[in-house]
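**Q** The listed protein sequences correspond, in order, to chains A and B. 699 is the number of the first residue of the first sequence in this note's numbering; add one for each residue after it. 699 is the number of the first residue of the second sequence in this note's numbering; add one for each residue after it.
Bear in mind the hints are in silico, worked out from the structure with no lab data behind them. Because the structure is a prediction, the values reported are computed rather than measured. Check the hints yourself; a few may be wrong.
For chains that are exact copies, the list does not tell them apart, and a pair is met inside one copy or across any two.
[As the list claims (entries may be wrong)] Mimicking DSSO-like on lysine-lysine, the simulated pairs with C-alpha atoms at most 30 Å apart in a straight line are:
hint: 1; residue 1: K955; residue 2: K775
hint: 2; residue 1: K888; residue 2: K994
hint: 3; residue 1: K782; residue 2: K994
hint: 4; residue 1: K775; residue 2: K888
hint: 5; residue 1: K874; residue 2: K782
Protein chains: 2
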Amino acid sequence: MPLLVVGSIAFDSVQTPFAVREDVLGGAAVYFSYAASFYTSVRLVGVVGEDWPEAYTDMLQRRGIDTSGLHVVPGGKTFRWRGKYLPNMNDRETLEVHLNVFGEFSPTLPESYRRCPYVFLANGSPVLQLKVLDQMTDPQLAVADTMDLWIREEHDALLELLRRLDGLVLNDAEAKLLTNEENLVESGYKVLELGPQFVVIKKGEHGAMFFSEEETYVLPAFPTRRVVDPTGAGDTFAGGMMGAIAEEQAFDPATLKRALAHGILMASFTVEDFSLDRLREIEREQLDERMQRFQKMLAF
Amino acid sequence: MPLLVVGSIAFDSVQTPFAVREDVLGGAAVYFSYAASFYTSVRLVGVVGEDWPEAYTDMLQRRGIDTSGLHVVPGGKTFRWRGKYLPNMNDRETLEVHLNVFGEFSPTLPESYRRCPYVFLANGSPVLQLKVLDQMTDPQLAVADTMDLWIREEHDALLELLRRLDGLVLNDAEAKLLTNEENLVESGYKVLELGPQFVVIKKGEHGAMFFSEEETYVLPAFPTRRVVDPTGAGDTFAGGMMGAIAEEQAFDPATLKRALAHGILMASFTVEDFSLDRLREIEREQLDERMQRFQKMLAF
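Start from the sequences, fold in the hints, and give me the full structure.
**A** The structure is reproduced here in structure tokens:
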């Protein structure tokens, strides 16, 4: 079943303790789409400037990603982010943000997108996320990501969004900030009380936790020696998770847990190189092989 | 099979964001022994002062813990530690340490202890740990814990110890410090190169990682809403792990992984109350029940 994603498309400049890359392809919607495309057809909504190379559109289309929702602003410049990872490769510092055309992003969904059964609202202002949701016709599963900025500065809109979502994906620091609760398990339950049917808390190198009325669990990350660039890990996690849900056309507890595992593995590949470089090297076969190793790792 | 543990016995004064306890029973060897006693008979080696209540010795003995290696120093005072947990309940600050009789601890093992097949050298100076190991007659499995202090100040003795150990248990920060490596997976491999057959890296609320020539894996912690006091979690983790090994009388890869899971669950109970209070409430049945939930949680 098709999966709709709305979010940022960016050129990232990334500095790690080991290497530097300038203006590589990034943005939450790009990472998400690419990861989800291993499982299902994806419909992408985003905005870029005139500096966007046509070759990237071609590359996404070859992955079965529908780009009719990709808006190119004449004379505009694409969103740019510059960041630096600390030696632990988990914490990062944002050095520069140029929203450019993303600052005025107010998407109108193509008619063909509005009945999409699965939708992911990648990190963005909750006002914008609500606006997208308003254009959807009865989605089966609406899930969103958020960040500290919106928790702090658009709190009311975020609370309204939470009442309308089926699922929320956020990281551990964001969950604690949103609920003012330091115990992550308690924090997850408190987010649930804000509305969504399920909550996924991403813990970076420590995996992810899942919360719903029925169950709480945690899966570790897949251990990898090769951590080159964590940028996009969270977005490809969400892409793998939502992609697996759309592929199975189900979101019962067992499917959701498998989907979470797919997200974790997708993230484990993403961090092994810059941008989409590692994901572009792999096929579904390698994902499945890593999934078998992951399942074996967790059995005793 | 009997399991020998050598290490500290203490009175802890613990401050958390929620409560304060003064002079509660603690110390690595006590936590370890109590946890291991769910699985096997334990032989305890440690030192206390005249202020040690006989009732504690009785309590340990009722758990099948052999206390003939418990040395009471006439006129001496038992080791005291005072610490304060930060709101995240993971990081802590040591406010006071009074080594007292533990400062002169130089154990001579009772003759009956020397052929014990399984030995755990709880956190202590590697010089002292080596001295204990020297008194053992061909143990089948010798495992130790260590800490930042020894990594910094008794580095050479620690390296000698590592060459003689079968297994090392340490936490994530200690592994990074010992190997000067920020990637935890790489760090685990580097500790392996220092000698032990296997290395377990404790990650607190994020579970534990295992490294050997044959395999690397990570298991998450068991998620608990009730984190009252993390003191002793690492020691009861080791006690559960070593206890399960001694019970199964094996340390093949499959047994080691099950043992790691036992350690994780033991720690998950420990943090639910101060001192040994939570462990004293449970029976093997509750452990087994939580183990079933843990296995189910990790299956998908």
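**Q** State for each hint whether it applies.
**A** Do the hints match the structure? See the list:
Taking the shortest Cα distances, K955 and K775 never come within 30 Å of each other, neither inside one copy (39 Å) nor across copies (53 Å). For the homomeric pair K888 and K994, the shortest alpha-carbon distance between copies (24 Å) is at most 30 Å, but the shortest distance inside one copy (32 Å) is not. Taking the closest pair of Cα atoms, K782 and K994 never come within 30 Å of each other, the shortest separation being 35 Å inside a single copy and 39 Å across copies. With identical chains, the CA atoms of K775 and K888 are never at most 30 Å apart, being 40 Å at best within one copy and 46 Å at best between copies.
Proximity of K874 and K782 under a CA criterion of 30 Å is satisfied in both settings, with 23 Å inside one chain copy and 21 Å between copies.
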